[in-house]
Amino acid sequence: MMWYELTGKDSDVVVSSRVRLARNLCDYPFGKRLDESGAKEIIEKVRSVFEGVGDYTFTDYSTLDPTVKSAEYERHKISREFAEAKTPTALIESDEKNLYIMLLEEDHIRIQSIMAGLSLNEAYASASSADTLIDSSLRIAYNEKLGYLTHCPTNLGTGMRASVMMFLPGITAAGGIRSLQNQLGKLGLTIRGMSGEGSASNGCLYQISNQVTLGNSECEILTKLTEICEKITEQERSLREKMKADESGRFTDRIMRSYGTMLYATLIDTSELVKLYADVRLGACLGIIDRVTPKTLDEILVRGMPNVITLENRGAVNANRRDRCRAEMVRYVLAGASEK
Amino acid sequence: MLCEKCKKKEATVMYKESINGHKSSYALCADCAAEIGAFDSTKKLISDPFENMNSLFGSLFGLAPYKKSTGVDVKRCNLCGASFNELAAEGMAGCPNCYSEFEDELSATIARIHGSSVHTGAAPAKYMEGREKKKQIEAVEKELHDAVAAEEYEKAATLRDKLRELKSDEGGMK
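Here the protein sequences line up with chains C and V, keeping their order. Position one of the first sequence corresponds to residue 1 (my numbering), numbered consecutively onward. Position one of the second sequence corresponds to residue 1 (my numbering), numbered consecutively onward.
Calculated from the structure, these hints are not laboratory results. All values reported here derive from a predicted model rather than from experimental measurement. Treat the hints with caution; some may be incorrect.
Claimed, not checked - Pairwise CB distance ranges, derived in the manner of DEER restraints:
hint, chain 1, residue 1, chain 2, residue 2, range
1, V, A89, C, K40, 25 to 31 Å
2, V, M128, C, E44, 38 to 44 Å
3, C, G185, V, D161, 50 to 56 Å
4, C, E220, V, E103, 21 to 27 Å
The C-beta atom is built at its ideal place from N, Cα and C for all residues, glycine as well.
All chains, full assembly: derive it from the sequences and hints.
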């Protein structure tokens, strides 16, 4: 099952947790210095490691339809850079293990695991199992002092980027994002909005991740990030309660209007969906809307992304048709959710 | 001593430069020294308006500033062929081997990015075995030291043999 079809810990605030490990093979150059035959050799070597092991599937991304690649990015399985790469690339994946191994992204191998809710340790365990498998057959670039050697020096050491996607409408409304950003910076962590810096229409979704990869162990990084996210979760919950206590009734009205739009609109574009998502998810978390769960809304958001819509609906050939298909999908998923 | 650049004439000038703490020196003949502007400090400063731009980009990417090539003895990575200047301009390593080839040039920059420059996390299995062995060796060395101090020579002899055995296996790790 995909991460957005599962419910994880603290899912009212934490949407998903992701761990990415960067690994490289000893004897091959990086990036533009790697020629096509070298790239194909790397792909073949890693592919052979996973051949006949468990439920991994291999896909040659070099020849894949761009819409499929972009949809996989929108489902958070791969990075944008990987979806847009013009050089040979391949993906080894296991939806069962929530594992996506990108071959020839910035590094030769990038193992990525994404799970619902606050579950960094589980995501690391999953990524680490693939890492162990690769390490048992291939010579991975590593030195005692610098750890895993990566294309960009900012990933040296553990080669690990752990990130937590948080839904923070309370902190956003209270104007606390900037101050949170400053505090996290002092702790070697970063926060960025899902649809770019300074964007107001980001669905109140933020990604918090470790910046430093060298000098701290994986366990230290994961523990610190988990603890910080737990504190942010507490703060977010208390701010939401204050919003709910609004006596004018405007807050509840805004949420119910957004819910009404989701239930009855026949055309919804991506940016409207993101805005509706934030309101209705907040309403669901606070018990204002009791027929929908946060997980259902996460699923709606992912399935409402332009390339996913195009892929799941044959008729979605232009923006207008996509808006129609998106609104239909939203109504359909919500109807299914209220029947449960 | 022959000039390090033309390798023909006798070197008469020791040319030293220090760019942001990175020092290098070359023994040159008078002609080669004049050619690279060694006698004219102002010439170097204004000759390349993009030199500072490059160092700016290099710093942004977290690497040491771009150093204008003097054409003398440019070191290249023996796996990917990249020079340090190329890495600084790109802000990225050319291959895993660049990290050992340009260890000195990169160490301060890496510490600047990460705050600490020693890895303490997970390692490939064969390095984990190496770490384990290192721990064992340190423990036996301590025991040996204590045994000698306590004048337990028979025990010390056994420990010395054990230490020799542990160290002989260690050579296999690269």
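For the hint 21 to 27 Å, verify it against the beta carbon of C/E220 and that of V/E103.
holds, 25 Å
Whether the CB-CB distance between V/M128 and C/E44 falls inside 38 to 44 Å
Between V/M128 and C/E44, where Cβ atoms are some 27 Å apart, the hint is violated.
Cβ distance range 25 to 31 Å for V/A89 and C/K40, holds or violated
The hinted range 25 to 31 Å holds for V/A89 and C/K40, with Cβ atoms some 28 Å apart.
Can you tell me whether the CB distance of C/G185 to V/D161 sits inside 50 to 56 Å?
holds, 55 Å
In summary, the one numbered hint that this structure violates is 2.
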